[in-house]
Amino acid sequence: MDWGRLRFFLGEVLANFTRNAGMQITAIGTVAVTIVLLGSFLYVRETLKTFGTGVLSQIEIAVYLKDGVGDAQAKQLAVKFAGDPRIASAQYIPKREGLRRMHDVLGRDFDTSLLTANPLPNSYHVKVKDPDQVPAVAASIAKDPRVEKTDYAADTVQKLLKTASVLGRAGIALIVLLSLSAAIVIANTIRLTVFARRREIEIMQLVGATNMYIRMPFIAEGMLAGLLGAGIAIGALALAEHQLVPRLAQTLAFVSFRVNEGTLCLELLGVGAAVGLIAAWMSVGRYLRA
Amino acid sequence: MIRLRGVTLTYPNGTRALDGVDLDIEKGSFVFLVGHSGTGKSSLLKLMYREQVPSSGEVIVDGIRVDTLRRGRVPKLRRNIGVVFQDFKLLSHKTVWENVAFALQVTGTKTRDVMRQVPRALDMVGLSHKSRMFPSELSGGEQQRTAIARALVCNPKLLLCDEPTGNLDPSNTTEIMELLQRINLKGTTVVVATHNQAVVDRMRRRVVRLEHGRILHDDEKGYYFRGLGQAAVLPG
Numbered sequence: 000m001d002w003g004r005l006r007f008f009l010g011e012v013l014a015n016f017t018r019n020a021g022m023q024i025t026a027i028g029t030v031a032v033t034i035v036l037l038g039s040f041l042y043v044r045e046t047l048k049t050f051g052t053g054v055l056s057q058i059e060i061a062v063y064l065k066d067g068v069g070d071a072q073a074k075q076l077a078v079k080f081a082g083d084p085r086i087a088s089a090q091y092i093p094k095r096e097g098l099r100r101m102h103d104v105l106g107r108d109f110d111t112s113l114l115t116a117n118p119l120p121n122s123y124h125v126k127v128k129d130p131d132q133v134p135a136v137a138a139s140i141a142k143d144p145r146v147e148k149t150d151y152a153a154d155t156v157q158k159l160l161k162t163a164s165v166l167g168r169a170g171i172a173l174i175v176l177l178s179l180s181a182a183i184v185i186a187n188t189i190r191l192t193v194f195a196r197r198r199e200i201e202i203m204q205l206v207g208a209t210n211m212y213i214r215m216p217f218i219a220e221g222m223l224a225g226l227l228g229a230g231i232a233i234g235a236l237a238l239a240e241h242q243l244v245p246r247l248a249q250t251l252a253f254v255s256f257r258v259n260e261g262t263l264c265l266e267l268l269g270v271g272a273a274v275g276l277i278a279a280w281m282s283v284g285r286y287l288r289a
Numbered sequence: 000m001i002r003l004r005g006v007t008l009t010y011p012n013g014t015r016a017l018d019g020v021d022l023d024i025e026k027g028s029f030v031f032l033v034g035h036s037g038t039g040k041s042s043l044l045k046l047m048y049r050e051q052v053p054s055s056g057e058v059i060v061d062g063i064r065v066d067t068l069r070r071g072r073v074p075k076l077r078r079n080i081g082v083v084f085q086d087f088k089l090l091s092h093k094t095v096w097e098n099v100a101f102a103l104q105v106t107g108t109k110t111r112d113v114m115r116q117v118p119r120a121l122d123m124v125g126l127s128h129k130s131r132m133f134p135s136e137l138s139g140g141e142q143q144r145t146a147i148a149r150a151l152v153c154n155p156k157l158l159l160c161d162e163p164t165g166n167l168d169p170s171n172t173t174e175i176m177e178l179l180q181r182i183n184l185k186g187t188t189v190v191v192a193t194h195n196q197a198v199v200d201r202m203r204r205r206v207v208r209l210e211h212g213r214i215l216h217d218d219e220k221g222y223y224f225r226g227l228g229q230a231a232v233l234p235g
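Going down the list, the protein sequences come from chains A and B. First residue of the first sequence? That's 0 in numbering that gives the first Met the number 0, and the numbers climb one at a time after it. First residue of the second sequence? That's 0 in numbering that gives the first Met the number 0, and the numbers climb one at a time after it.
One thing to keep in mind: the hints can contain errors.
Below, a sample of chain A positions facing chain B; criterion: calculated Cβ distance under 10 angstroms [what the hints assert, rightly or not]:
#1 G3
#2 G207
#3 I213
From chain B, some residues computed to sit far from chain A (all C-beta separations above 10 angstroms) [stated by the list, open to error]:
#4 R4
#5 G19
#6 S41
Rather than coming from a laboratory, the hints here were simulated on the basis of the structure. Cβ atoms here follow ideal geometry from the backbone N, Cα and C, with glycine treated the same way.
Please put together the full structure from these sequences, using the hints given.
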């Protein structure tokens, strides 16, 4: 493609884009609003995900050993844990250590002077590599004859896992719905511009332009609208992040707001461009077939 | 150049626009299609540049079976056919030069070739001096000449004209018909659908008369109404 042809093509796209400025602004605005919603959703989801995996990775299985099981037998159990590929680490906590820790946590309210003997069993704190595996690992450890019982924050784990998966699915549904609504608005806008330019299209078909060639300016237009909308949305989101996150981080100190902004921006631009492209393709295609 | 065999065209609403038409048009000839409005003149032209597909029958243009041509091949066919209409079909926001260049640019012609071919086409229709004007600044005849330049700029072998003088006054009509004759003299096959009796009777070219979708008569050096020309000269 030589420079003159490229200039003609870009000139056509730009001229048509500005000629229908009103409609284009509507389309760009809709894309921007959609992508702001989408972006904030992705941002929150990303934050929750980081938070969730953080919590999940800290979940330990408490393995309480039977009363008669001594230190030597307990050490053998460590070998078994080491052989299990699902287990990240296992820390042995003898009953004396257990009591001391309890004392540390509860402080003065916990009066050891009343005790005649240490009521705590020897125990292990087992960390699992994959949070999903926690229930299974706990169950398999419980079968060991030396183990009295296992315990873990079952509810918390289950709830977190469930929330994560529901959020994931709801997210996909939301993204699809939002993108669809943006695509419909762009498609309508482009249908109007196609209608406004039906004479040009008619002449192009008459002199033997290929359908692909006729489509291209409209597709470029749609993608331009999508990208501009996404750009505006990203600007708005960046501003919001700049304003809100430092304040939130103070209040919610335990949540880390580490989101990969670069990837998020690329994703949003990609969605904008794709929405514009699909919308344009559909609305011109319908006209060309007629 | 053009060969139609048993061509029938029925529109979805049941109207039969053409009914068993057989027609041969030689390369380099000049042919009038005449008849009242709605007798199938436009439909016949549309079949030739594949705007319409016949319900049955064969349409062959320059050796190509147009009626069975795949959709993807239509653009290539049309680059070899120029089409001119009563309403000019010019783009009002483009100058004369841009309107003519448009036909080349949208078919992916190299800029160098555009620069060479557009002035030649404008020269042919005598509008070189008005190339920077917009259609609204031109007379009807000049607008039609612009449209003809656009139809010719690809050097088509065939020029189809659907009522080319329908919107023009007599002097512009003469001007356009003279231009079409000059184009024909350079070897382009020209087919003109018209119901302008004066034009047809003055030019004395082949006349194909359609009525109710059929060919009523087909005369070399004919008149708009068969026999009327002779009748007009006989009683001297």
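Hints versus structure:
1. G3: With Cβ-Cβ at 3 angstroms, under 10 angstroms, it holds.
2. G207: Result: holds, 4 angstroms to nearest chain B Cβ.
3. I213: Holds. Min distance 8 angstroms.
4. R4: holds (25 angstroms)
5. G19: Non-interface label on G19/B holds, nearest chain A Cβ at 28 angstroms vs cutoff 10 angstroms.
6. S41: holds (14 angstroms)
The structure is consistent with each of the numbered hints, conforming to all of them.
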